[in-house]
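Asker: Each protein sequence line maps, in turn, to chains A and B. Take 0 as the starting number for the first sequence in numbering that gives the first Met the number 0 and just add one per residue. Take 0 as the starting number for the second sequence in numbering that gives the first Met the number 0 and just add one per residue.
Worth flagging that the hints you see were computed from the coordinates, not collected in a lab. For each residue, glycine too, the CB sits at the ideal point set by N, CA and C. Mixed in with the good hints, there may be bad ones.
What follows is a set of in silico ranges between Cβ atoms, one per label pair, in the way DEER data are often shown [what the hints assert, rightly or not]:
(1) Tyr315(A) with Asn142(B): 38 to 48 Å
(2) Gly345(A) with Arg265(B): 18 to 28 Å
(3) Ala231(A) with Lys270(B): 17 to 27 Å
(4) Ser185(B) with Tyr315(A): 33 to 43 Å
(5) Arg275(B) with Gly177(A): 23 to 33 Å
(6) Val361(A) with Gln16(B): 31 to 41 Å
(7) Asp271(B) with Gln19(A): 53 to 63 Å
(8) Val145(A) with Ser178(B): 43 to 53 Å
(9) Tyr315(A) with Gln16(B): 23 to 33 Å
(10) Glu289(A) with Glu230(B): 51 to 61 Å
Partial list, derived from the structure: chain B residues whose beta carbon lies under 7 Å from chain A [claimed, not checked]:
(11) Pro68
(12) Val102
(13) Pro105
(14) Val187
(15) Gly188
(16) Lys241
(17) Ile244
Below, a list of computed lysine to any residue pairs in the SDA-like style, where the Cα atoms sit at most 20 Å apart [as the list claims (entries may be wrong)]:
(18) Lys259(B) with Cys346(A)
(19) Lys150(A) with Leu9(B)
(20) Lys270(B) with Leu220(B)
(21) Lys259(B) with Pro143(A)
(22) Lys17(B) with Ala66(B)
(23) Lys159(B) with Val172(B)
(24) Lys89(B) with Thr27(B)
(25) Lys159(B) with Phe140(B)
(26) Lys326(A) with Arg238(B)
(27) Lys259(B) with Pro147(A)
(28) Lys89(B) with Val297(A)
Next come the chains, spelled out residue by residue.
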Amino acid sequence: MTASSLKVGVQLRLAAGDFQALLDALASRGYRVMGPTLEDGQMIYGEIGKVADLPVGWTAFQEGGSFRLEPRPDQAFFGFAVGQQSWKQFLWPPHQTLYQVQRQGAGFHVIPGAEAVPKFAFLGVRACELAAMAVQDQVFLQGPHVDPTYKARREQAFIVALNCGHQDPGVCFCASLGTGPRAAAGYDLALTEVLRGQEHFFVVEIGTMRGADLIRELPERIATPEEVDAAARVVAAVAGNMGRGLDTTDIKELFYANYEHPRWDEVAARCLNCGNCTMVCPTCFCHTLEDSLNLTGVAGERQRRLDSCFSVDFSYLHGGSIRTSPKSRYRQWLTHKLATWIDQFGCSGCVGCGRCITWCPVGIDLTEEVRAIRETAAGVRKE
Amino acid sequence: MTAKLPDPMLPTPFVVQKVKRETSDTYTLDLSRADGPTNFAFAPGQFNMLYAFGAGEVPISISGDPAVPKTLVHTVRDVGNVTRAICRLKRGEVLGVRGPFGVPWPVDRVAGEDVLIIAGGLGLAPLRPALYHLLQHRGEFGNIELIYGARTPKDLLYPKELERWRGRFDLRVHVTVDSAADDWRSNVGVVTKIIDRARFDPPSTVALICGPGVMMRFTVLELMSHGLTPEQIYVSMERNMKCGIGLCGHCQWGPYFVCKDGPVYRFDRIKDWFDRREV
Ligand SMILES: Cc1cc2nc3c(=O)[nH]c(=O)nc-3n(C[C@H](O)[C@H](O)[C@H](O)COP(=O)(O)OP(=O)(O)OC[C@H]3O[C@@H](n4cnc5c(N)ncnc54)[C@H](O)[C@@H]3O)c2cc1C
Ligand code: SF4
Ligand code: SF4
Ligand code: FES
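Using the sequences and the hints given, assemble the complete structure.
Answerer: Now the structure itself:
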């Protein structure tokens with residue numbers, strides 16, 4: 000294919016049988032290709048060397064508190080939505096040594112942590128996950144202080160997005176937030192998987208020149224209008240079949256005005272304060288810093304690790320924590336996601352991926368909580 | 000390719016030059032930089048993250064004189080692990096410093112006003128740099144009234160300096176304690192009770208308040224009853240802080256990150272959150 004025909008926005012057809020060539024092209028450029036894979040009956044993000052590493056022929060049914068893997072009738076590569084893990088674990092490692100310290104006379108010497116930046120290619124990044132990266136960009140790159148680990152990893156990462164084609168998006172609500180199911184921006188290449196009869200192919204859209212350069216080597220051709228249309232229909236079907244929805248009209252005002260709504264007590268009675276929701280959420284960024292000394296007391300280190308606002312210690316001040324009640328911690332989490340985040344970063348902290356619903360051991364569903372508050376908000380505050 | 004650590008996350012070593020015991024559990028440390036440029040510029044009301052070797056790192060206000068940037072001064076109360084390690088440091092020992100961070104008192108924007116400095120307990124530490132600044136630029140301001148409350152006479156910070164300030168004709172000092180023995184000649188009672196004694200013209204006054212939550216709450220109410228508007232009142236908030244630079248999320252208070260858009264807030268901007276509990 001001529002170089003000039005491969006521009007941003009061009010859509011190509013890649014046969015499923017040629018998919019390995021995409022993996023090889025990424026690997027030959029030094030990328031560690033990470034994507035969905037099955038391990039011990041779980042769907043995780045791991046190393047993808049060959050097509051068979053993908054969960055080919057598997058699907059996942061998700062509901063509040065449940066994630067069930069099942070075989071599919073076809074050989075789809077990406078026939079599921081998202082699993083427990085998100086890409087944030089690669090862009091912002093949940094454990095990191097910031098520096099080491101060594102005693103030196105009356106003082107000490109600080110040795111800054113330095114780590115090689117892995118060159119990742121993320122394969123099968125859903126629209127909601129692209130949106131989550133854009134949210135974390137706001138947090139880690141747009142404030143007065145930039146997080147260098149995140150920045151370096153983010154800049155290097157090659158992103159192969161996936162326009163969602165999952166027929167059973169049970170816990171998803173990206174469509175209601177405008178974050179999916181179609182990947183709008185922020186990718187090098189975007190795939191749509193099309194299966195019809197014996198035909199199995201991908202429509203690949205070029206998102207960047209880096210993407211165009213890579214795809215030039217592949218055995219693909221320009222997609223026909225009919226193929227492009229078939230891909231669009233796959234995504235449209237998902238959008239029309241979302242399991243959930245979230246009405247975000249004046250949501251910040253709703254939360255600010257309902258700080259003492261009785262629903263908080265009600266949800267607190269169910270919530271275990273386990274913090275799972277914060278761990279699986281692709282935008283949650285809160286972390287802590289911890290110090291340790293070796294046994295001899297001459298050397299130590301300072302680490303940072305992912306933290307959760309559900310722990311009592313999170314808001315600890317000398318004399319006691321600020322958020323002592325479980326209710327206040329659930330309220331902090333949800334209010335942050337959906338309301339205060341808007342004031343802090345100019346966007347919502349929720350992208351509608353549904354993880355916090357699936358991985359909540361008691362199946363608490365934030366869309367349901369918002370609905371409950373919305374429905375009774377007026378009745379509660381008749382002013 | 001390797002990722003370099005953000006400089007604001009790396010502590011700079013400072014050497015302890017002097018340790019002064021203020022009260023039974025509170026110490027003032029004079030520090031100077033171990034190497035590199037000697038000046039540490041800051042604005043009154045800002046804080047540093049102080050790192051005690053192996054023990055941890057905590058937010059501590061700068062309590063020294065902004066016009067003497069060669070010496071970094073902190074006043075620390077021993078309340079736990081890290082503050083204890085800091086209070087036990089001896090002359091010549093080293094402490095890690097990150098900062099200065101946070102939004103300062105608006106001392107350079109209140110020329111012409113009467114200024115009320117209202118401190119409870121350790122709250123005098125972050126207000127002392129503001130007072131130094133006001134006194135150095137004395138001509139620019141109206142009345143300056145220091146209103147300070149502590150638990151007992153023994154808990155008063157900077158007692159010698161308080162005496163010197165009392166002796167000045169261009170500053171009025173009002174001190175009160177919650178309880179005292181008979182030989183105490185000054186006020187007994189909470190800070191809000193002695194606000195009456197201060198001289199100020201409500202329409203052209205600003206109040207800078209730092210102290211425990213309850214004290215600030217009642218002080219704000221008292222000032223409003225004297226006719227001050229929320230725009231004339233500034234408070235310094237306290238939250239758990241780990242990073243100090245707006246990344247770790249610990250200091251969140253509703254829509255705010257106290258480390259980066261605080262700790263000092265103009266009251267009208269935060270009044271919707273100030274009285275909410277467990278935020
Ligand atoms: C902006 C700001 C300015 C401050 N200025 C001063 C000052 O000038 N002098 C002074 O003595 N103290 C000051 N403090 C309070 C001081 O930070 C705490 O007393 C200190 O963190 C307690 O830590 P610790 O390990 O000794 O105590 P512990 O009770 O053992 O605390 C354990 C951990 O909890 C956290 N923590 C506990 N209390 C606080 C707290 N009040 N604020 C933030 N994190 C806390 C810390 O991460 C600490 O490591 C200030 C706090 C803030 C937020
Ligand atoms: S709050 Fe829940 S649905 Fe929203 S982005 Fe986080 S995990 Fe996904
Ligand atoms: S909402 Fe669910 S996942 Fe989140 S802390 Fe509560 S029980 Fe755990
Ligand atoms: S202390 Fe980390 S965000 Fe404020």
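Asker: Hint by hint, note whether the structure agrees.
Answerer: Do the hints match the structure? See the list:
no.: 1; hint: Tyr315(A) with Asn142(B): 38 to 48 Å; in the structure: holds, 40 Å
no.: 2; hint: Gly345(A) with Arg265(B): 18 to 28 Å; in the structure: holds, 22 Å
no.: 3; hint: Ala231(A) with Lys270(B): 17 to 27 Å; in the structure: violated, 51 Å
no.: 4; hint: Ser185(B) with Tyr315(A): 33 to 43 Å; in the structure: holds, 35 Å
no.: 5; hint: Arg275(B) with Gly177(A): 23 to 33 Å; in the structure: holds, 31 Å
no.: 6; hint: Val361(A) with Gln16(B): 31 to 41 Å; in the structure: violated, 56 Å
no.: 7; hint: Asp271(B) with Gln19(A): 53 to 63 Å; in the structure: holds, 58 Å
no.: 8; hint: Val145(A) with Ser178(B): 43 to 53 Å; in the structure: holds, 50 Å
no.: 9; hint: Tyr315(A) with Gln16(B): 23 to 33 Å; in the structure: holds, 31 Å
no.: 10; hint: Glu289(A) with Glu230(B): 51 to 61 Å; in the structure: violated, 41 Å
no.: 11; hint: Pro68; in the structure: violated, 21 Å
no.: 12; hint: Val102; in the structure: violated, 11 Å
no.: 13; hint: Pro105; in the structure: violated, 19 Å
no.: 14; hint: Val187; in the structure: violated, 24 Å
no.: 15; hint: Gly188; in the structure: violated, 23 Å
no.: 16; hint: Lys241; in the structure: holds, 5 Å
no.: 17; hint: Ile244; in the structure: holds, 4 Å
no.: 18; hint: Lys259(B) with Cys346(A); in the structure: holds, 19 Å
no.: 19; hint: Lys150(A) with Leu9(B); in the structure: holds, 18 Å
no.: 20; hint: Lys270(B) with Leu220(B); in the structure: holds, 11 Å
no.: 21; hint: Lys259(B) with Pro143(A); in the structure: holds, 9 Å
no.: 22; hint: Lys17(B) with Ala66(B); in the structure: holds, 19 Å
no.: 23; hint: Lys159(B) with Val172(B); in the structure: holds, 13 Å
no.: 24; hint: Lys89(B) with Thr27(B); in the structure: holds, 12 Å
no.: 25; hint: Lys159(B) with Phe140(B); in the structure: violated, 24 Å
no.: 26; hint: Lys326(A) with Arg238(B); in the structure: holds, 19 Å
no.: 27; hint: Lys259(B) with Pro147(A); in the structure: holds, 18 Å
no.: 28; hint: Lys89(B) with Val297(A); in the structure: holds, 18 Å
Comparing the model with each numbered hint stated earlier shows that hints 3, 6, 10, 11, 12, 13, 14, 15, 25 do not hold.
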